[in-house]
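Trainee: Read off the chains here:
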Amino acid sequence: MKAFDYTAPVTLPEAVGLLVSQPSARLLAGGTDLIVQLRSGRKEADLVIDIKKIPELNALEFDPLAGLTIGAAVPCYRLTSHPVIQSHFPALAEVASWIGGTQIQGRASLGGNLCNAAPSADSIPLLIALGASALIAGPGGRRTVAIEDFCTAPGRNQLATGELLVSMKIPAPALQSGSSYLRFIPRNEMDIAVVGAGVSVSIAGGVFTAARIALSAVAPTPLFVPAAGAALVGQAVSPAALEAAAQIAQSAATPISDMRGSAAYRKHLCAVMTRRALEIAVTRAQEN
Amino acid sequence: MAPKVQVQTTINNEPVQFLCEPRQTLLECLRDVVGLTGTKEGCGDGNCGSCTVKLGDRIVTSCLVLGVEAEGETITTVEGLAHGNTLHPLQKAFLEHAALQCGICTPGFLIAADALLQQHPHPTEDQTRFWLSNNLCRCTGYDKIIRAVQAAAVEINGAPQ
Chain A
1 MKAFDYTAPV TLPEAVGLLV SQPSARLLAG GTDLIVQLRS GRKEADLVID
51 IKKIPELNAL EFDPLAGLTI GAAVPCYRLT SHPVIQSHFP ALAEVASWIG
101 GTQIQGRASL GGNLCNAAPS ADSIPLLIAL GASALIAGPG GRRTVAIEDF
151 CTAPGRNQLA TGELLVSMKI PAPALQSGSS YLRFIPRNEM DIAVVGAGVS
201 VSIAGGVFTA ARIALSAVAP TPLFVPAAGA ALVGQAVSPA ALEAAAQIAQ
251 SAATPISDMR GSAAYRKHLC AVMTRRALEI AVTRAQEN
Chain B
1 MAPKVQVQTT INNEPVQFLC EPRQTLLECL RDVVGLTGTK EGCGDGNCGS
51 CTVKLGDRIV TSCLVLGVEA EGETITTVEG LAHGNTLHPL QKAFLEHAAL
101 QCGICTPGFL IAADALLQQH PHPTEDQTRF WLSNNLCRCT GYDKIIRAVQ
151 AAAVEINGAP Q
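Listed in order, the protein sequences are those of chains A and B. Going by my numbering, the residue at position 143 of the first sequence is 143; the numbering climbs one at a time, nothing skipped. Going by my numbering, the residue at position 143 of the second sequence is 143; the numbering climbs one at a time, nothing skipped.
So here's chain B without its partners, still in its complex pose:
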């Protein structure tokens, strides 16, 4: 076993230090070391997007990032979206539009959609579907997710001009 490495990060606006082996993915570190189990493992090879987190200024599948690579990085997980007991507008919209059933894909969709709305305040349906193409959902058929994201866009950024 390779010696463990100390990694210093900022997760959901809190400084977080953790110890990990180089072979451990960021996903494993978040769930099993830091204890943030909101981020889910689906496929483990970057196809399904369940483990999506924000890393610095972009989103990544945390199953394809080594924990040691997170040194000095800023990470946002689904736990960082709500403010206390107040849900993020995307979370509210997902509930209101029934945009989830089993829920495994939801944390990844929420983080990916949040990044979308930061880049495109009023994404078209095409933009939304293309942006979210790295997130798989086997329950909803996607339409409800797309509608929820577009409703949240209006909630956050107002009606498009």
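This is chain A alone, in the form it adopts within the complex:
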């Protein structure tokens, strides 16, 4: 690795100040993307800013009204083992246990997964489905961006010079709501999604009252498909309703062909994974 300086600020203003004065600096949370990129030369840095010593970026808090706050640097293993996440957001605990393996989860953060902005990122479709938002801090103060608007292109995101992700906020789950993320991978672990589907549904009296559906690995950015969720609202829970939503999700996808699968195969998987994810989310909603 090329030489760089290292600093670990303990406050957000300090971190923002460093980013403003040295725009080529790179932020380090878990390092599972950054250190690989620095070593391979895909990215360079004169300064690496370790953000893990900033308390707000390590926050993991649940409030029944405000919902869940996940600090940008919180590693996955803290999510998989968190009792409130296991009970209120089981899909989130699952996705955190599917990113990399045990060792990667000891370091990798959802904030990093989001900022890295890979089209195949596992956590992003679920965060979109859960209606999450990103809190950003920068020289101009703070702003909030819906997760579906955060990624702008493969590897690119909304963050402007001097800005960093502080946390992700997920609304508290509504009564009779459930969510799920499913991905298709050729093996059972340690793999990158061929297609992933994140969904959430709310049900009252056997009728969908809200639904959000997003896909991974089928577009340049994680893909929010509002029409697929909207098609469920007002419908009675039925296999036909799920299938109709899955077909809308599929039609929104614009996948490419690559080593992981052809575009046609990915298209097919979009409907399959969406429908299966919806089935799980419905079951969870009916149990809540």
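These aren't lab readings, by the way, just hints derived from the structure by calculation. Treat the numbers as computed from the prediction; the structure is a model and nothing was measured.
Here are the simulated lysine-lysine pairs, DSS-like style, with alpha carbons at most 27 angstroms apart:
1) A:K53 x B:K4
2) A:K52 x B:K4
3) B:K4 x A:K43
4) A:K52 x A:K169
5) B:K4 x A:K2
6) A:K2 x A:K52
7) A:K53 x A:K43
Sample of chain B residues lacking proximity to chain A, with all beta carbon distances greater than 10 angstroms (derived):
8) N13
9) E96
10) H122
11) G141
12) D143
Cβ-Cβ distance ranges computed for the label pairs, FRET-style:
13) B:G35 x A:A210: 52 to 62 angstroms
14) B:G35 x A:S24: 32 to 42 angstroms
15) A:P220 x B:T74: 39 to 49 angstroms
16) A:T11 x B:T74: 17 to 27 angstroms
17) A:D149 x B:L87: 52 to 62 angstroms
18) A:A160 x B:N85: 55 to 65 angstroms
19) A:E279 x B:L19: 55 to 65 angstroms
20) B:N85 x A:T283: 48 to 58 angstroms
Where is the CB? At the ideal position from N, CA and C, for every residue including glycine.
Take the given structure of chain A and dock chain B to it, following the hints.
Mentor: Chain B in isolation, oriented as in the chain A frame:
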């Protein structure tokens, strides 16, 4: 070259100070600076798990940690498993079950399995395989490793209820 940084850690229950450049990984620091060569480098990008160490309360691939990040941390490497000349039950089980051939992956498997057994005293085969999915072995075909870990679980924690 960036100036070297002094890092204060606890490694295998001993206070250890070392000097490193910010660009040096914890793996490089352990092997080349501290002289603990039990931890192995396989892929160098977090896929193979050979360089697994315990860092605080979780396991990590030390090739994806900067040495400077270890400031104030507690680290366990494979050298910290045995008590003097008495092997750790996992080490004994790996020998008894022939769960290694070339041995490069073994230190990583031992540290990862030790963390597994601390969280799950009697892991199922599925749990064991899933937990160890970040550790690659090109010799054994894994079955012997899984059996060794399950035997060690019984040795350490008794027969499951």
